[in-house]
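My request is simple: use the sequences and hints to build the entire structure.
Those sequence lines, one after another, are chains A, B, C and D.
Taking numbering that gives the first Met the number 0, the leading residue of the first sequence gets 0, the next gets one more, and so forth.
Taking numbering that gives the first Met the number 0, the leading residue of the second sequence gets 0, the next gets one more, and so forth.
Taking numbering that gives the first Met the number 0, the leading residue of the third sequence gets 0, the next gets one more, and so forth.
Taking numbering that gives the first Met the number 0, the leading residue of the fourth sequence gets 0, the next gets one more, and so forth.
Some hints could be false.
Stated by the list, open to error - Think about it this way: if two alpha-carbon atoms lie no more than 35 Å apart in a straight line, the pair counts; the simulated DSBU-like pairs of lysine-lysine are:
(1) C/266 - B/376
(2) D/174 - D/219
(3) A/372 - D/195
(4) D/266 - A/364
(5) A/400 - A/415
(6) B/50 - B/195
(7) C/372 - B/176
(8) A/400 - B/174
(9) A/123 - B/368
(10) B/456 - A/53
(11) A/194 - A/219
(12) B/368 - C/307
(13) A/307 - A/228
(14) D/372 - D/388
(15) B/195 - C/415
Keep in mind the hints are simulated off the structure, nothing from the lab.
4 protein chains.
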Amino acid sequence: MNNSIDKPEDYCGIVGVFGSPEASIWTYLGLYSLQHRGQESSGIASSDGEKIHKHLGMGLVSDVFDQNVLEELPGHIAIGHNRYSTTGSSNEQNIGPIVVNHKLGTIGVAHNGNLVNSHSLRGKLEDRGSIFQTTTDSEVILHLVAKSWRNSIEEKISEAVQQIEGAFSLVFITKDKLIAVRDQHGFRPLAIGKKKDSFIFASETCAFDLIEAEYIRDVKPGEMLIVDKKGMKSRQVIEKTTPKHCVFEFVYFSRPDSQIFGEYVDKTRRKLGKNLAEEKPSEADIVISVPDSSNTAALGYSARSEAKYEIGLIRNHYIGRTFIHPKQKIRDMNVLIKYNTVGGVLNDRRVVMVDDSIVRGTTIKGLVKRIRKAGAKEVHIRVTSPPIKYPCYYGMDFPTKEELIANGRSVSEIAKYLGVNSLEYLSLEMMLNAMPKDNGQNYCTACFDGNYPVSIKECLTKEKEQKD
Amino acid sequence: MNNSIDKPEDYCGIVGVFGSPEASIWTYLGLYSLQHRGQESSGIASSDGEKIHKHLGMGLVSDVFDQNVLEELPGHIAIGHNRYSTTGSSNEQNIGPIVVNHKLGTIGVAHNGNLVNSHSLRGKLEDRGSIFQTTTDSEVILHLVAKSWRNSIEEKISEAVQQIEGAFSLVFITKDKLIAVRDQHGFRPLAIGKKKDSFIFASETCAFDLIEAEYIRDVKPGEMLIVDKKGMKSRQVIEKTTPKHCVFEFVYFSRPDSQIFGEYVDKTRRKLGKNLAEEKPSEADIVISVPDSSNTAALGYSARSEAKYEIGLIRNHYIGRTFIHPKQKIRDMNVLIKYNTVGGVLNDRRVVMVDDSIVRGTTIKGLVKRIRKAGAKEVHIRVTSPPIKYPCYYGMDFPTKEELIANGRSVSEIAKYLGVNSLEYLSLEMMLNAMPKDNGQNYCTACFDGNYPVSIKECLTKEKEQKD
Amino acid sequence: MNNSIDKPEDYCGIVGVFGSPEASIWTYLGLYSLQHRGQESSGIASSDGEKIHKHLGMGLVSDVFDQNVLEELPGHIAIGHNRYSTTGSSNEQNIGPIVVNHKLGTIGVAHNGNLVNSHSLRGKLEDRGSIFQTTTDSEVILHLVAKSWRNSIEEKISEAVQQIEGAFSLVFITKDKLIAVRDQHGFRPLAIGKKKDSFIFASETCAFDLIEAEYIRDVKPGEMLIVDKKGMKSRQVIEKTTPKHCVFEFVYFSRPDSQIFGEYVDKTRRKLGKNLAEEKPSEADIVISVPDSSNTAALGYSARSEAKYEIGLIRNHYIGRTFIHPKQKIRDMNVLIKYNTVGGVLNDRRVVMVDDSIVRGTTIKGLVKRIRKAGAKEVHIRVTSPPIKYPCYYGMDFPTKEELIANGRSVSEIAKYLGVNSLEYLSLEMMLNAMPKDNGQNYCTACFDGNYPVSIKECLTKEKEQKD
Amino acid sequence: MNNSIDKPEDYCGIVGVFGSPEASIWTYLGLYSLQHRGQESSGIASSDGEKIHKHLGMGLVSDVFDQNVLEELPGHIAIGHNRYSTTGSSNEQNIGPIVVNHKLGTIGVAHNGNLVNSHSLRGKLEDRGSIFQTTTDSEVILHLVAKSWRNSIEEKISEAVQQIEGAFSLVFITKDKLIAVRDQHGFRPLAIGKKKDSFIFASETCAFDLIEAEYIRDVKPGEMLIVDKKGMKSRQVIEKTTPKHCVFEFVYFSRPDSQIFGEYVDKTRRKLGKNLAEEKPSEADIVISVPDSSNTAALGYSARSEAKYEIGLIRNHYIGRTFIHPKQKIRDMNVLIKYNTVGGVLNDRRVVMVDDSIVRGTTIKGLVKRIRKAGAKEVHIRVTSPPIKYPCYYGMDFPTKEELIANGRSVSEIAKYLGVNSLEYLSLEMMLNAMPKDNGQNYCTACFDGNYPVSIKECLTKEKEQKD
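And the structure:
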């Protein structure tokens, strides 16, 4: 739930609803619960069985939608999309869901993840005479759907997703159907909820709570679920599947009260904290977290340590529109503006600060300075994940390799840069040990070890071209 | 320049500039001068040789653009579009210019006119797997361009415009070219201007005045003009051409200080007024106009009549955003709010009011009431065009046939409905007599006599389907 | 109705309504009709008998108010205020009407005019411990009302207006009364209208037309009118009265369809034009006006001249918010943006352009350039008033003496500056000859001859202090 | 830092700066840190030695101000005000600081607190002819300042504050001075900070942290501090002083990282939690807080209890503009939207939830329902303060007595209403025991025991009148 500027900033949250007369309101509430997955723009498309309605806008969910807007999104089917982007493409054209007309009627899609072969797919499509109005993967996918020669929309989507590679959790809306699909590795989460006869898909289960829906299970890797008035049907559209869930969803990104990949995020984070305390103990008086994303991990660390859990940093939650604007100039100001130190807690103490990850290191460096200023005798940092050394090409928009602080620096060099008394990272092994099931072999750890489950060759070529 | 709700309300103004370092500002000024051709939304796309930039918005030109916005539209090429629409499609997605990526790069287009075969073209494109994000003709045209197998962008556009039918004046922008095309009948105007080495295209020549460019000539029916750094080249892309200029551009729509179809609008309107006075005289004390579109015609009428020209109606120009909003509810209020009667002029007089056309008749009926209230002894109406009995399918968005007051009503029935002492229309013959060149045989008069130069069969079928 | 930047720009329009259940809507419509008297801000205060409600905002009447806003202004009494200001004081605090609480309850006021002793009155009030939240005359007046020891609100207002000097047409609102007062010279207009049992006060009678009220008579100089549920009562609150109506209201400022000072503006302007043609003829082919304020005068000129009336300049009415913003930087742009020349009319003609007045001369100089550019062989200017040489301290906010083009320049010097073939002004005598009644002896001509009916000593002192 | 709708909602935060060339930016940063004290509107007034500049607006600090706005607030002196109000008076007119002109020049004031005799003071002032444009206490105070016959501004303010009764922490700005005053009981906090030669006043010390100023001491009850270019001077303007600090500032309102009344808020809250655990233990598995205001108290409770501290509720911080709007209709929706329950933590546990206070009880009732739904076996509530039975007339805008859940209800009745297994409040004695110094005899506990240190007779009379 932390959106510090040290953390990945281009991600998405998606929702799909079928069967409620208030489908768009449910979607709105779901998006609201998934606000942490994207604060830049938000959109909903709904179907009343005849026509697909749409509303999109820049800003927070609660700013983009109001009572009047939701009333103009009638129908029993809806999909929604939250988005946040640091790239130049933060324009209104790219706000999801994207909705188009094609041979079989109107279709919309919301996408969480990142395709690794969208560049070549666009090229091929353009060669065949296609035009593109956005720079989104969603548009590529819809082109493939429309180009398919198969007869039904399910078949068309099925053919389309067999051509795309990378990470994708997708919800489609048509006049009368809601369709969800997940890639063969299940990189990004996608859960199924149910309330009476209605079905809900959402990036995280926290989206079910406000509407009091029940969490059924996850969409399986390679699975397509088709919901229409006859109910929900499952089809395996991608045969060869190997789960490679994003470990970072547990470490940092998802909301603690959500279940993803079949487990409570909160529980896993506590375990990460405990493992960290055992593997990388520290002599300190108090344990503090970087609120809010590290709170549970810090509690876990404290449980296995002598040091007491204390609230040493307060986060300011009134940051407002300025912060969410992607073109901010006064970076440092905004960092300072975000946290306040609690002098009474920190003064004259040896402090161990638990954080979930370090990306660029700028925010945490600033925090260390302030904690010392508040009187801390020692500052130790413990991180519940290994050093991030490789960019993510599956939807977690880390900066370029060059900007990652752990790229080409030893842990002691980073410690020196941050100005701390000690710095320790949890090992890859012990991080995976905290993951539910199978000791973590079902997880993608590419950002830590460079083992990319899906080839990123095309991405690297494209990056190289852009530099030259 | 009149945008009374009795008049056609779905039209466009377009501009294109090549060769000025301030191309987007020139385009802005051009659009500003063409504001009367569309007040609902406005957009500009510019090219700096590398990238195409775009800004669109709902509202008047002066509201959509400001200094900051124009600075983010750099480059020496730009196209612009004003639009107004009464149909449900007045959403932001449809604001022009529309810009897309295709095989050869980025391309944008601004369109004035209306295609009669867009429905079937969309169908064919969708059958071949194309997707549509808007309901505009522009998107159909860009699909055809992208689908063309020819090599150069000129060839592709050329192939595309050979497939479309109806009225179209088009300006295209690419990374390094500005291209203008006009349909084989030249329904809508499109003029070429020049300032030093820069070229400007615009719907009307009034767009040249603010930037002090010189009017060269019109784009010819079926002609394509390609402007790039080597200068301007002409190609005839449609062979069989028969001029069928929209007579209504002279009668009502264009700005009096513009030259269209090679003649000053103002001059033609004066002639219309004179012809009207000779063909349909009236015994009256004073001649008044419905400001502002009928001013010159009323002057012309007065010149051939005993009655003096007077200013009997004042138009309120501070109507503001409310009026331009397409979903207005309080129709009558806005009509009343628009004109005030000058008591000192009208009282105790026999008044002949010259108007350019009567569409639905509701505004003029209201005006007659108010003129009588101001003390006029008699009210006579003289119209500088024949009764409008047929919808326009070439870009002048008259209401449906059923809503046209002259549809199925005799002139005396209309006179009775309006509550006037007499009502007379100019004959088709004498209207055409006022047109420049060839006694008007180069003009489209479909809205008066139902002779549609391009088959509207597909439009009628579509209308019928929508009703059923 | 012209608000060119050559013209005075700090003025007001006021409205008051008693007795309609839709008092605020009537006031809104009145303000809308008086939009030409102030485009910067607008406000309405209404009373439902219990409480006074208020809404104010920057912008045009139609932008400040909408259906929702008007519904929150309930009651049968309302006053309204339009304002425009070039001075630094264009802040939201100063938007009228100003409403305050005092001993007897709540009271609001809208003011048209300018006090010449407000500076010393403020000083005296401050010496006695008063505080000021705005820089308006209205607040001074309300302080005087509140400070009065008399018992009734009528008596208090009466005492207050006996202390203020200069130009004031005022409407007051209290919980249960509407009160109108005019200064002893009747500088600014203030008319009384009636519709059934309701009374309406307005700066000009054009405000009565939209609500179909009947014009009764003007508020007399020095008269107070009190309207409450018992009806309308008149009291003479200032004994010594000498009519000194602002001649400039007829010449330029008021709307042509209004009656002010007992006569149609339009009629007087036609007479001004006729007098001008007779006194200052010209050898020309055509007469054109500077639209819209000089239209009638040009018609009058043409009637007494050989030259035909033509429409040679078209005014652009879509200028939008940018123009009304008082801090505009790109002055020249906005001047150019405002008028277009009709080439077909002007080319190869000897043109006489009739204008109502010349203040700074910058706009007209630009117009002359453009008319020549359009091909005019000769340009002659005829002005329906004498040279403006002295600032107005009674509510017509001319610039400082130094900025007036006629200050210290002969007519031939001005002609040279403007670049015209000839320039002639109507004489003071012939201007007054066109005024209704008594050959104009009831008019203030201070801006032409420096004869100020009310001492401006305090204003001059203040100006001097500000310079030093 | 909690602004749940169960909590008092009409309060203020104030800041004053003298001596920084960036006074308005410092003030902005201070207000930003004090955002929790008022989210409805914000304003800053600054002085450049010549003129006082001002900017006010509805919304969060970061929305009201941006770079441009701050640049138009030049000078080395500034004061600022955050405000939140549930009453009808949430209009723009009432936004602070209020700035007026009076005899000695311009003066502005920002006020935190509530006067108990403003009604009679207004009455007396109106009797003497004063007018009021707002309904704020600030305007009353400025009237008294202006009415004072003393010579210097210090003397005038001094005389003014001797007439007002109730709670007031005030900062005044003049052309060249910054003046701070606090009432004789020191109800509301007001701290003095210093950075080099600059002085800063702020409601809480957290406002000093962003600008890295040093906390010196508090303004003493009855003390006036005058800062000008000669430095800071202290004067005791009210002689008889008895500290009666608002205990609720410690219990709930202030930010945990602030020092108020000479102690860290955080420290006191931890002690409240510990006292509560000792006085009112519970048999439970886990202790959770109602985030964020009860976090530290819950930690303290856990430290003296068997139950582990856990994070069982997650607060949503993306609530946006809708929530801060004072006229919200869908109350319940917004309550639900605010908190999510962490299922993994709560399921199958006996939960003790620590809260700082219960006002209306509606939010907490909703929370209890959700905690049970998340699987909790038992829900116990422990409150770190006694039942609130009496309204506050000193600036903490509790609802009316009738709306207070503890008014006329026993603890067991409240427990039943909330649906909890047990409910216990901390005793008055043990709450005061947790306060710094003197076992709490310097604190106002009126909301708990009805002992009002300053007579509230006038308030009760006014309330009664309003009901009748």
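Straight-line Cα separation of residue 372 of chain A and residue 195 of chain D no greater than 35 Å? Roughly 17 Å separates the two Cα atoms, so the pair holds.
Are residue 456 of chain B and residue 53 of chain A close enough, with their CA atoms no more than 35 Å apart? holds, 32 Å
35 Å Cα cutoff - pair residue 194 of chain A, residue 219 of chain A: Status holds; Cα separation ~20 Å.
Hint consistency between residue 123 of chain A and residue 368 of chain B [alpha-carbon to alpha-carbon, up to 35 Å]: violated, 65 Å
For a C-alpha distance cap of 35 Å, please report whether residue 307 of chain A and residue 228 of chain A respect it. Roughly 55 Å between the alpha carbons, so the hint for residue 307 of chain A and residue 228 of chain A is violated.
Starting from residue 50 of chain B, check that the Cα of residue 195 of chain B is at most 35 Å away, please. Distance ~25 Å between residue 50 of chain B and residue 195 of chain B Cα, so the pair holds.
Taking 35 Å as the top limit, are the C-alpha atoms of residue 372 of chain D and residue 388 of chain D close enough? With Cα atoms ~30 Å apart, residue 372 of chain D and residue 388 of chain D stay inside 35 Å; holds.
35 Å Cα cutoff - pair residue 266 of chain C, residue 376 of chain B: This hinted pair holds, its Cα atoms lying about 19 Å apart.
So if I understand the rule, the pair passes when the alpha-carbon distance is 35 Å or less; does residue 195 of chain B with residue 415 of chain C pass? holds, 31 Å
Check whether the Cα positions of residue 174 of chain D and residue 219 of chain D lie no farther apart than 35 Å. Roughly 25 Å between the alpha carbons, so the hint for residue 174 of chain D and residue 219 of chain D holds.
Given the hinted pair residue 400 of chain A and residue 174 of chain B, is their Cα-Cα distance within 35 Å? Since the Cα atoms of residue 400 of chain A and residue 174 of chain B sit roughly 32 Å apart, the hinted pair holds (cutoff 35 Å).
Run the distance test for residue 368 of chain B versus residue 307 of chain C: straight-line Cα separation, threshold 35 Å. Holds, at roughly 31 Å.
Violation of the numbered hints given earlier is confined to hints 9, 13; the remaining hints are satisfied by the structure.
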